[in-house]
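Colleague: Sequence:
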Amino acid sequence: MTVVPLSSLKTGEEATVAALQSPQRPHDHDLLLRLMEIGFLPGERLRVIARALPGGEPIAVRLGHATFALRRFEAALVGVQRDAAAPCMP
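Quick note: the sequence shown uses the working numbering, first residue 13, plus one each step.
If you're looking for bench data, these hints aren't it; they were derived computationally from the structure. Treat the hints with care, since some could be wrong.
Simulated DEER-style distance windows between Cβ atoms [what the hints assert, rightly or not]:
1. Ala96 <-> Arg37: 30 to 38 Å
2. Asp42 <-> Ala96: 16 to 24 Å
3. Pro66 <-> Met13: 12 to 20 Å
4. His41 <-> Ala96: 18 to 26 Å
5. Arg74 <-> Ala96: 16 to 24 Å
6. Lys22 <-> Phe85: 15 to 23 Å
C-beta atoms are modelled at their ideal positions from N, C-alpha and C, and glycine is treated no differently.
Could you build the full structure based on these sequences and the hints that come with them?
Modeller: Okay, structure coming up:
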C-alpha cells in the first residue's frame, strides 16, 4: 500500500500510521518526539474527524480514545496507509 501524509486525508477517512518522517529541520526532531509520545506510532489506527474552516486547519484526529488537533505541517510528518474500506465524507 502507498504511504501518504496524514495531512492529505479527508474528513471521515481512516488509516494506519506507517512511519514518521525523518526530521528535515532542527525543530522537527522535537516535534517528531512529541508526536510519538502522544501515540502516533507505526501500527496505530486513526481517523480524521474534522477540519476547521476556512483552510482546513487544524485537523482533528481521533487516535485510540483521544482526539488531537494538528496543524497541517505537523500532520504532514505522519505517514499513513489509507483504509480502503473507510467511508469518505466531503
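Colleague: State for each hint whether it applies.
Modeller: Here is how each hint holds up against the structure:
Our hint of 30 to 38 Å for Ala96 and Arg37 holds, since their Cβ atoms are close to 33 Å apart. The given range of 16 to 24 Å is broken by Asp42 and Ala96, whose C-beta atoms sit roughly 34 Å from each other. In this structure the supplied range 12 to 20 Å is violated for Pro66 paired with Met13, their Cβ-Cβ distance being about 31 Å. Take His41 and Ala96: their Cβ atoms lie about 33 Å apart, and the range 18 to 26 Å is violated.
Taken as a hint, the range 16 to 24 Å holds for the pair Arg74 and Ala96, whose Cβ atoms sit roughly 19 Å apart. About 18 Å separates the C-beta atoms of Lys22 and Phe85, a value consistent with the hinted range of 15 to 23 Å.
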